[in-house]
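Engineer: What follows is each chain in one-letter form.
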Amino acid sequence: MGEKLSNQYNPKAVLNEVEEKFQMFQILNEKGEIVSEENEPKLSDEELVELMSRMVYTRILDQRSISLNRQGRLGFYAPTAGQEASQIASHFALEKEDWILPGYRDVPQIVWHGLPLSKAFLFSRGHFVGNQAPEGVNVLAPQIIIGAQYIQTAGVALGLQKRGKKNVAITYTGDGGSSQGDFYEGINFAGAFKSPAIFIIQNNQYAISTPRELQTAGKTLAQKGIAAGIPCVQVDGMDALAVYVATRDARERAINGEGPTLIETVCYRYGPHTMSGDDPTRYRTTDIDNEWAAKDPIVRFRNYLEGKGLWSEAKEEEVIERAKEEIKEAIKIADETPKQTVTDLITNMYEELPVNLQEQYSIYKEKESR
Amino acid sequence: MAQMTMIQAITDALRCELKNDENVLVFGEDVGVNGGVFRATEGLQQEFGVDRVFDTPLAESGIGGLAIGLALTGYRPVPEIQFFGFVFEVMDSISGQLARMRYRSGGVYSAPVTIRSPFGGGVHTPEMHSDSLEGLMAQSPGLKVVIPSTPYDAKGLLISAIRDNDPVIFLEHLKLYRSFREEVPEESYTIPIGKADVKREGKDLSIFAYGLMVHESLKAAEELEKEGYSVEVVDLRTVQPLDIETIIASVEKTNRAIVVQEAQKQAGIAANVVAEITERAILSLEAPVLRVAAPDTVYPFPQAENVWLPNYKDIIETAKKVLTF
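As they're listed, the protein sequences go chains A and B.
FYI, my numbering numbers position 314 of the first sequence as 314, with every residue one higher than the one before it.
FYI, my numbering numbers position 200 of the second sequence as 570, with every residue one higher than the one before it.
Be careful, since some hints might not be right.
What the hints assert, rightly or not - Computed spacing ranges between beta-carbons, pair by pair:
| # | chain 1 | residue 1 | chain 2 | residue 2 | range |
| --- | --- | --- | --- | --- | --- |
| 1 | B | E556 | A | Y364 | 53 to 59 Å |
| 2 | B | F671 | A | L345 | 42 to 48 Å |
| 3 | A | K339 | B | V677 | 55 to 61 Å |
| 4 | A | S369 | B | Q636 | 49 to 55 Å |
Said to hold, decoys possible - Covered by chain A, according to a simulated footprint, are these stretches of chain B (three or more residues, beta-carbon under 8 Å):
| # | segment |
| --- | --- |
| 5 | 424-431 |
| 6 | 521-531 |
Calculated directly from the structure, the hints in this document are not laboratory data.
From the three backbone atoms N, C-alpha and C, an ideal C-beta is built for every residue, glycine too.
Using the sequences provided together with the hints, build the complete structure.
Structural biologist: If you want it as structure tokens, here you go:
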């Protein structure tokens, strides 16, 4: 707060002054030019190529998932195109033993963290095997209740802290999610305990159809961190470098005992909310779509890498082909996974089944053997 | 052996488990320095340190989420919800998240969380402190719901709950916290979850009850004995899952039954017990199974509490209907 406000009663001026300080952090502009040299991360050529490859791969995964959904070969699916920098570059700053508590759109991050793609497809189809994270892959199933993952993240982070781990728990929600009570409780708890958590709001402008402006009077969503007393930043969510740096620094602070960070990534989802009947033309215009398409995270990063001589059309083709091949293979594995049964589900209710469930187990076992 | 009230037995159980397993964590609103608003955690922070017994910000949903996250990192959280009437603030964390952790993850994760919370009427609290909401919990598959009626049971059941690898809702009746003392061993012991206890044997009628209503039922049984009826009182102790075996064995012996609950009559545990009896032992019955419960209103303001809450007289009246059917 500026000196002029000291010992003054002027709540409106305090608000204005705080809000003015929230400027969107950017490293790569829309043309892929560095606009903040001092913040350009020192990623190796291999790392830069890997980050680009993951974003391209994820775009293909989104396109294929949408068409598989349309063919009836996938179930519930929340499109991700437009959010690759926000999702993949934030994940790129993590270490293997970090925990991810995803929302339902955050399947790419848990896949890159080690969840087999076939399981991501099984999750989409509504098969419990999709939610069985392999040993050592610290991810939860995508959360359906908006905000619930935020308070659980405060808990995982406190657990990591108590165990003396140099790891973080990261979670994601959307602009709509930042209105939930659990959002505030999550950032507030983690702040109060100074726990190693990273809270990301992917502000993709619409909560299904409700525009960002209707969620809050706040100028930014990032500034909500102020009330919780935690560092907070608004970044250009279409800029992979800005997202990466903000997450990397948040992680660094977290494992150094400096507590959680709230990051708002300003981005856009090109597709519908989910493939379950949402029609974005009811609430967005083509002009808005075009405006955001011009900021595309992959185009921007491609330009940056081409400038460095690190990327080419051939390279991109190679990634696309690999993605298509692996998706095909993963669908095959999903297809071959035995159908789930009621007895599978009963078995997963308790460590030891109570009498009623034991009886129901026998009834369904018999039904299933017919 | 020591003479303990239920609240002392609960503190003792927490102490035993904090000693027994370093993964046990006790937390909630005012449970640290203050030792809890009912002193259930008295002295525990001093003894085990602020790392293991700690205060949280005032937010029930946050407490629930914190417990889930801590369980995921291998802890055995024992959070306190200050009054169970506040459970509506934490319903998603309990029913939507905690109860489903094992199921949702296909058995990869579990949630060995014990949520302790006081509830129950007769002590003139403000609104939303006394409600009997165990029925809501019992309708969430994945949870176990335990309600002790004595200091001895409270200690053994709480230790079992904390050691259980599935989430347990442990409800402590406010009126029983300090209403009487009994012998409670100072060492650790367990009472199995899911096992009812025959608190009084009889052969003419079975009364199934839990929490404070066990004591009203025992009082009713004594009165009925004076009139020549031999009444069995079965303390359910765990209301989800029910101890079907003990319930049915009792009904097959007495051939008549009533079910008593402090909660409103609609839905709830008593209806569940009646359904189990009729599904499994209809041919043993000489009379319909009736319920004694509070009327289907919201929990009353304190001035109306004593009229509203079921008591031993209501139990005697219903028992006689069944005994003379």
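Engineer: Indicate, hint by hint, whether the structure satisfies it.
Structural biologist: Hints and how they fare:
no. : hint                         : result
1   : B:E556 to A:Y364: 53 to 59 Å : violated (46 Å)
2   : B:F671 to A:L345: 42 to 48 Å : holds (43 Å)
3   : A:K339 to B:V677: 55 to 61 Å : holds (56 Å)
4   : A:S369 to B:Q636: 49 to 55 Å : violated (39 Å)
5   : 424-431                      : holds (count 4)
6   : 521-531                      : violated (count 0)
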